[in-house]
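Okay, here's what each chain looks like letter by letter:
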Amino acid sequence: MFTNYIFYFLSALALYSGVMVLLSKKPIHSVLYLTLTFFAIGGHYILLNAQFLAIVHIIVYAGAIMVLFLFTVMLLNLNKEERSPKPIWVKALAIIAGVMLGLVLIGVFRGYDLHLVQHPMETQIGLVKELGRILYRDYMLPFEVSSILFLTAMVGAVLLGKKEQI
Amino acid sequence: MLIFKILLASAVLLLSLVVAMYSTLIERKVAGFFQDRLGPDRAGPWGLFQPLADGIKLFFKEEFMPNTADKFLYILGPSLTMLIACLTSAVIPWGPDIVINGQTFSLQMADVNIGILYIFAIVSIGVYGIMIGGWASNNKYALLGAVRASSQMISYELAMSLSIITIVMMTGSLSMRDIVNQQQGFNWNIWYQPLGFLIFLICAFAETNRSPFDLPECETELVGGYHTEYSSMKLGFYLFSEYINMFISGEVIATLFLGGYHFPFIDKLGLSPNVFAFVSFLVLFAKITFFGFIFMWIRWTLPRFRYDQLMRLGWKALIPLAILNVLITGVVILLNQ
Chain A
1 MFTNYIFYFL SALALYSGVM VLLSKKPIHS VLYLTLTFFA IGGHYILLNA QFLAIVHIIV
61 YAGAIMVLFL FTVMLLNLNK EERSPKPIWV KALAIIAGVM LGLVLIGVFR GYDLHLVQHP
121 METQIGLVKE LGRILYRDYM LPFEVSSILF LTAMVGAVLL GKKEQI
Chain B
167 MLIFKILLAS AVLLLSLVVA MYSTLIERKV AGFFQDRLGP DRAGPWGLFQ PLADGIKLFF
227 KEEFMPNTAD KFLYILGPSL TMLIACLTSA VIPWGPDIVI NGQTFSLQMA DVNIGILYIF
287 AIVSIGVYGI MIGGWASNNK YALLGAVRAS SQMISYELAM SLSIITIVMM TGSLSMRDIV
347 NQQQGFNWNI WYQPLGFLIF LICAFAETNR SPFDLPECET ELVGGYHTEY SSMKLGFYLF
407 SEYINMFISG EVIATLFLGG YHFPFIDKLG LSPNVFAFVS FLVLFAKITF FGFIFMWIRW
467 TLPRFRYDQL MRLGWKALIP LAILNVLITG VVILLNQ
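Chains A and B supply the protein sequences, listed in that same order.
Quick note on my numbering: the first sequence kicks off at 1 and runs consecutively.
Quick note on my numbering: the second sequence kicks off at 167 and runs consecutively.
Hints are computed from structural coordinates only; laboratory data are not their basis.
A virtual CB, placed ideally from N, CA and C, is assigned to each residue, including glycine.
Treat each hint with caution, since some may be false.
[Unchecked claim] Covered by chain B, according to a simulated footprint, are these stretches of chain A (three or more residues, beta-carbon under 8 Å): (1) 25-38; (2) 51-60; (3) 98-106.
[Unchecked claim] In silico DSBU-like links for lysine-lysine, alpha-carbon gap of 35 Å or less: (4) B:Lys237 / B:Lys223; (5) A:Lys25 / A:Lys86; (6) B:Lys482 / A:Lys163; (7) A:Lys25 / B:Lys482; (8) A:Lys25 / B:Lys171; (9) B:Lys306 / B:Lys223; (10) A:Lys26 / B:Lys171; (11) B:Lys482 / A:Lys129; (12) B:Lys237 / A:Lys86; (13) A:Lys91 / B:Lys237; (14) A:Lys25 / A:Lys162; (15) A:Lys163 / B:Lys306; (16) A:Lys163 / A:Lys86; (17) B:Lys227 / B:Lys237; (18) A:Lys26 / A:Lys129.
Taking the hints into account, I'd like the entire structure generated from these sequences.
And the structure:
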């Protein structure tokens with residue numbers, strides 16, 4: 001019963017801060033609201049007994065990516081409200097892209113059998129032992145390949161960041 | 167059970183606050199000792215009431231808020247710093263189980279199976295308070311301090327995490343209790359991971375913004391760094407949370423590398439469970455105090471790093487060394503199997 005209230009609170013928080021990301025005037029506020037959204041989603045993971053996922057979610061998104069975002073936005077000095085109104089064709093393109101993304105999401109969720117998790121505290125999939133077993137036994141190759149993808153991205157970032165010619 | 171947890175949480179919170187309060191006095195006494203002077207000795211015997219006097223002074227100082235500050239974030243900054251500083255101790259095992267009326271109680275608030283990752287998470291979000299406060303002050307020096315703090319913390323987090331990974335590899339568990347129980351007697355991790363210990367210690371200095379890595383508040387260049395615009399108890403929170411962080415990181419180092427509450431031959435004494443738990447807790451506390459002293463010792467001995475030196479040390483020395491340490495540990499574990 002108590003977890004129900006926590007669920008509603010977290011959902012409301014996630015939705016509210018998600019909307020506020022778009023509505024905030026200052027970029028810093030948007031970034032902070034986005035961080036709050038990540039925390040709310042992390043709370044949902046804990047409700048699903050997926051402590052490992054929750055903590056990794058917070059470490060990676062709130063702890064690393066959002067700090068870098070905040071860092072960049074601070075340096076950009078976007079305080080002066082110098083955002084000029086966008087031309088009409090940009091707005092039209094944005095609306096078309098948004099609608100298409102929405103259609104794709106609806107398509108995905110229609111094909112997926114959405115069922116209620118009956119006893120969330122009995123699922124073990126989000127615990128580190130189960131997750132590790134699945135990742136390293138059943139999905140070994142995709143996991144390792146994705147790590148190479150990350151390595152490529154890192155090397156690329158270093159290359160782009162280097163000033164002098166190599 | 168719930169009541170015991172609440173009592174334990176309150177006790178730990180109180181302990182952190184009192185220790186942080188008296189760390190300020192000890193810090194000044196230690197500084198006095200290193201510089202061949204007495205340190206504060208006016209308020210009470212040996213200056214024992216000095217922290218109280220400081221606290222009262224901070225409370226009664228004028229609340230100052232810059233006109234151009236972002237009001238909400240300006241207040242959120244120090245509050246968040248203080249809150250996050252108090253969060254870490256939730257997963258630290260403070261001693262072996264105690265028995266009251268035939269019921270066993272664990273001296274650890276939450277034995278989650280990802281305890282060590284929880285500490286990572288708290289460390290990694292610890293920078294928000296400083297960044298928010300520094301930005302919201304709307305002051306160039308404060309902003310520079312905040313930017314320095316964030317880049318420094320991100321850089322040193324990497325080496326710190328890599329040095330803890332070796333501990334996780336040796337223990338085979340992410341739970342703090344398992345890590346402590348593995349180091350029974352004198353079987354401490356520091357004997358197996360001297361390099362990891364060194365890297366972790368250096369990173370702990372950088373993460374707590376302590377000298378020689380206190381670039382975010384480097385007063386020779388940045389006036390007061392991220393808390394330039396703060397006064398009264400908001401400034402107090404920033405300064406105070408530094409001491410809480412010091413206490414907590416001493417605790418984490420003692421737990422991860424120095425066997426937590428374990429001590430050689432203590433199980434030979436044949437004490438009853440509760441006395442045993444108490445003695446174990448005192449042992450842990452002694453280890454934490456020792457690290458507190460090291461933090462102060464280094465602060466009053468070494469000069470401050472330059473910013474590029476700090477970054478070079480982090481990225482070009484500590485991270486490669488930490489990766490090497492992970493590789494060596496992995497090979498040794500494989501050979502021993």
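Legend entry - Unsatisfied constraints (hint numbers, rising): 3, 7, 8, 10, 18
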